[in-house]
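Asker: For reference, the chains in residue letters:
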Amino acid sequence: MQLKKILPLAALAVALPTLGMAQEAEAVAEAAPDVLETVAALNTEMVFIMNSLLFLIGGFLVFFMAAGFCMLETGLVRSKNATMQATKNVALFSLAAIAYFIVGFNLMYPGDWVIEGWLGGISPTVLEPVGVELADVDDVEYASIGSDFIFQLMFCAAVASIVSGAVAERIKLWPFLIFVVILTGIIYPIQASWSWGEGFLDEMGFSDFAGSSIVHAAGGWAALAGVLVLGARYGKYGKDGKITVMPGSNLPLATLGMFILWLGWFGFNGGSQLAMGTISDVADVSRIFANTNTAASGGAVAALILSTVLYKKPDLTMVLNGALAGLVSITAEPLTPSLGAATLIGAVGGVIVVFTVPLLDKLKIDDVVGAIPVHLFAGLWGTMAVPLTNSDASFGTQFVGMALIGAFMFAASLVVWLILKAVMGIRVSDEDQVTGLDKTEMGMEAYPEFGNT
Amino acid sequence: MQLKKILPLAALAVALPTLGMAQEAEAVAEAAPDVLETVAALNTEMVFIMNSLLFLIGGFLVFFMAAGFCMLETGLVRSKNATMQATKNVALFSLAAIAYFIVGFNLMYPGDWVIEGWLGGISPTVLEPVGVELADVDDVEYASIGSDFIFQLMFCAAVASIVSGAVAERIKLWPFLIFVVILTGIIYPIQASWSWGEGFLDEMGFSDFAGSSIVHAAGGWAALAGVLVLGARYGKYGKDGKITVMPGSNLPLATLGMFILWLGWFGFNGGSQLAMGTISDVADVSRIFANTNTAASGGAVAALILSTVLYKKPDLTMVLNGALAGLVSITAEPLTPSLGAATLIGAVGGVIVVFTVPLLDKLKIDDVVGAIPVHLFAGLWGTMAVPLTNSDASFGTQFVGMALIGAFMFAASLVVWLILKAVMGIRVSDEDQVTGLDKTEMGMEAYPEFGNT
Amino acid sequence: MQLKKILPLAALAVALPTLGMAQEAEAVAEAAPDVLETVAALNTEMVFIMNSLLFLIGGFLVFFMAAGFCMLETGLVRSKNATMQATKNVALFSLAAIAYFIVGFNLMYPGDWVIEGWLGGISPTVLEPVGVELADVDDVEYASIGSDFIFQLMFCAAVASIVSGAVAERIKLWPFLIFVVILTGIIYPIQASWSWGEGFLDEMGFSDFAGSSIVHAAGGWAALAGVLVLGARYGKYGKDGKITVMPGSNLPLATLGMFILWLGWFGFNGGSQLAMGTISDVADVSRIFANTNTAASGGAVAALILSTVLYKKPDLTMVLNGALAGLVSITAEPLTPSLGAATLIGAVGGVIVVFTVPLLDKLKIDDVVGAIPVHLFAGLWGTMAVPLTNSDASFGTQFVGMALIGAFMFAASLVVWLILKAVMGIRVSDEDQVTGLDKTEMGMEAYPEFGNT
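Residue numbers (this note's numbering), protein chains in the order written: chain A, 365 to 817; chain B, 365 to 817; chain C, 365 to 817.
Bound-form chain A, shown alone (with noise of 0.2 Å):
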């Protein structure tokens, strides 16, 4: 950090002593503009490097929540279904990645828009030279683009993972993949430059600090179209009202997921501070780490005892997405709320999904893992909590955003699920979901020696 100027001050340094003190003065007059320069270079660059740090921290926690995502849908499908569901996994991440950076990223973050504060421009990202210097970097008070990318890079993705849950068991490779590509490029970041991009919804006040909304509930509104127009898996939802429980094929499996999840988040809601490199920035990220925390106990503690009391026995899907829901639920405003309200934060997002996984059955939506119950309901739910904590926000304001958000996810995901069903097809065929897709539409076997039925 700027040693060349900093090395002949340390010199002078040493020889100052040796001087009279007229001369002194002189030196220290003549070194002073320096001294200040150079504090406050120090200063800046400190400031920079910490803000950069904490998204590439971030951001790789949040990566790691892609293998969250992919074991926890990987273990809670039947195991003739668990090679495809990997697939889909590693393969959205990937596209979600390329399509980010070919447009996603300048569309959620426009030099430029195209309709002020509701559409971006298109254009590949770009990232700073390599070895860039102070003097080169245009907002010297904030972090470096690479690093900024990686970050939103990973809640983008998010929102596709959560997705590939819902459609699990008998969605087709590669209509899922299209969808994602325009999801990850198009569609998430259109909706979420409105909020992170300084967009209209930012404007109107609406506050959700790492995304219940903005990347979970809206994952889970594309799910839900996604849900919709693909049907239930076959044999799920009998003719005279008879649900077929489909128990997951690995349970441990799972819960890994859901701790990588769990993990993840620290990185997700406490990069979303977007800022390290203060006192006041780094107590703010503690406190965001200690809030996320307790939410998703709160909200495995709730569902525990809940699926108890309802069920007489403990359920551990239902502790796992109490888990996650609580991490969904807190995510809105992580920031805010006591250690006792982010625990009933968390709570209540426990609730609503030990009560919504069985309405979603009633309903005949078949969400294979739970998704929409915990990153939609719990979403919804998070997104409505922040004025409890957060005097900043208000309800009306954050049900308009919310709604706004729902309406253009739903709608655009459903346009394009429609679409891809019309024109390539998107369901596989009830005698190959028997079979398995991993047989069917792989050839490929996820666990070849065990005795899947």
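These are calculated hints, taken from the structure and not from any lab test. Treat each hint with caution, since some may be false.
If several chains are the same, the list does not tell them apart, and a pair holds so long as it fits within one copy or across any two.
To be verified - Derived DSSO-like pairs: lysine-lysine, alpha-carbon spacing no greater than 27 Å straight-line:
(1) K676 x K785
(2) K677 x K728
(3) K803 x K726
(4) K803 x K600
(5) K803 x K677
Based on the hints, put chains B and C in the right spot on chain A.
Answerer: Positioned in the frame of chain A, the structure of chains B and C alone reads:
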């Protein structure tokens, strides 16, 4: 960081060269107090930020150990109990998080003592206000409360995770969880305050850097009390002295758990330096990383070689537990040893595991995952090994601390276990153990499609 | 950080405004040398801290790659060999950690050369003393030795992990581990010192940022030598040219392994910037994160599309290896490419995998997990791709470096493998391969309750 103060200085720096020498000297003299203040503030902020960041990174790494324990234990139980084991691990962490914020943290780090040095007071954790400033922070040389809280919480939860493995496959869910709440809310915080809350053990000079005794042996003592009250799994020890081997159902998952724990240990020991804002501190954290890693390696290699020598064939579970025992062994003093000494300290841990796992079986103490050899026995060894490389510690004081911690943790846990046994029963019936806890207690199988006999 | 020095200055700052102007000027003049020294020291400390922190974060991320390799390989072998594969992975990392500190690190970063530029000297690693101060640190612009050691160790261990996958399912445990000790203690460090220890390849201008050749192709060459000496698995290649497919037993686990490797690669490539204490360095680390991620995506997508086109159905193992090949390909130069170029460089890696996996089978080179296509072939491509985006590198020098590294790694490994074969035998008997290494060599099954035929 204090940008408002620095920017006018920077402006002055630009203006200075245009002034005459006399004016310049005057301007500098006027600016000087600000420069001095700014430099001091910059330094303070940086130390605070770096220390907080260490806690945050350490926090998420140690958080992930909850997943590590869960995978290790779920992989080492039989598949008919795997859902239960996963449920316990998610629930224990969640309950620990809530108990620790409501009671534990302030009991452990008492602002006011109820009995000076022995017992703190009871009050929930209150984080710093949002957007706290330099001037508002109590102890500016330290770190944010939230970051400290999140880091310390993870240690508390680890104590409960240790217990969970030992009592697996025959303990009822709810009594176990009640024990966890008391352990993490009260028993552990009281004990830990003696050393880390500036209590009497700290005053005595007891030295346990990251908790070989305070966390690991403590958890091991609580586990031992539980195992004794609970009794062995049905069928484990025949009347004729025959020991039935009950192999773990998923060794790759257990291996993953071990790796995750090893990863988390970098945060566990490294974060326990408590500071990273000076060359000296960051170099010490680096020493700790290196020693922690090599001690784990020493434990794994020692267990690999010894198990091969003793039993003709290498034993993966011994290798996994050997690595963990190496980690536990170095935890009391990961800073002062050389790399060679750390390797040996860890290797002794690995040897302890290989000898004490069968010993417990001879004593009919049924520890499902080897938690007592790993955390208790290696923890005691680690505690007593401190004076070998740290001349500030003495064998006498180490022994006294170790013994008092052990006596309290064992006695307090025993009382709670006995009360739980008397009041609600803690043991699943033999018939239900044969069927498996997943079916009888949960109604949910971990691997429903795989042929678990 | 230098708080003792700064605090009196801060006191002076408070006192100054109360003095007259003359006294003030005098006081400032007296304080000036301290201010200058303090600012310089603050800057130096910060650079040192941030660089060390980069190594520590990079270190734990790359450590976790050991778990990634272990899960990938354990998921891709048949279940009858899974315990052995897990054992090998834990043991190889542990032995590498010990060998590298006893011999490797100082052989690779030689203070004194035995043969200048070609061969370092032998001595164990000694860390900085506890509580090292600014004045005691040799190279204050750099980072702590411990942090550098831990980071470099993880690269060394990765080389051994690469070998382990290729020779799986038929190699004996102990000869393999002896090979690992020689590889990580001697062969790799000598080779790596040529480039990263300021040896002759570095002087020549050979450019391999994070080790496409130095780490990945190097591991691939060692693996190839092993596979050739060892021969194919029993039953893999029929006399009539028939190739028996031996599918991996747990693809979700392999997928997890791939995700963990991808996560670790942020540390692998990002940490190889070696510095994070300036705007320029942290922005470069950010570029590297972004390029590393997009190259992996490019590799996965290319393998997905190409495998579908060639074989009609998408192949998950190709997608996993495609992503890894993308990561290996970008490793030689993750800094200079644009995002688009990084995507293409990674995509070529994915294409290489899809074409060379069947090619090896045609040549009857039995690489169980595809380590040679991923690490060797994509590593060579990555090395030769450097000049495409980095004008400081030349194709000629890249080729020479790549060839010399390859020749040495292959030859040295071959000699060791041949000696091990002659002295103790390295191959498990055909009968025992049929039964599985877990039963015959370990006496311990990975999934004892599941129907592994």
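Asker: If the cutoff is 27 Å on CA atoms, where do K803 and K726 land: within, between, both or neither? Let me know, please.
Answerer: Result: close only across copies, 25 Å inter versus 30 Å intra.
Asker: Between K677 and K728, at a C-alpha cutoff of 27 Å, which is it: within one copy, between copies, both, or neither?
Answerer: within (24 Å within a copy, 31 Å between copies)
Asker: From the Cα coordinates, with 27 Å as the cut-off, is the pair K803 and K600 best called within, between, both, or neither?
Answerer: both (20 Å within a copy, 23 Å between copies)
Asker: From the Cα coordinates, with 27 Å as the cut-off, is the pair K803 and K677 best called within, between, both, or neither?
Answerer: Classified as between: cross-chain Cα gap 10 Å, same-chain 35 Å, threshold 27 Å.
Asker: With 27 Å as the alpha-carbon cut-off, assign the pair K676 and K785 to within, between, both or neither.
Answerer: The answer is between: 21 Å across copies meets 27 Å, while 42 Å in one copy does not.
Of the numbered hints listed earlier, not one is contradicted by the structure.
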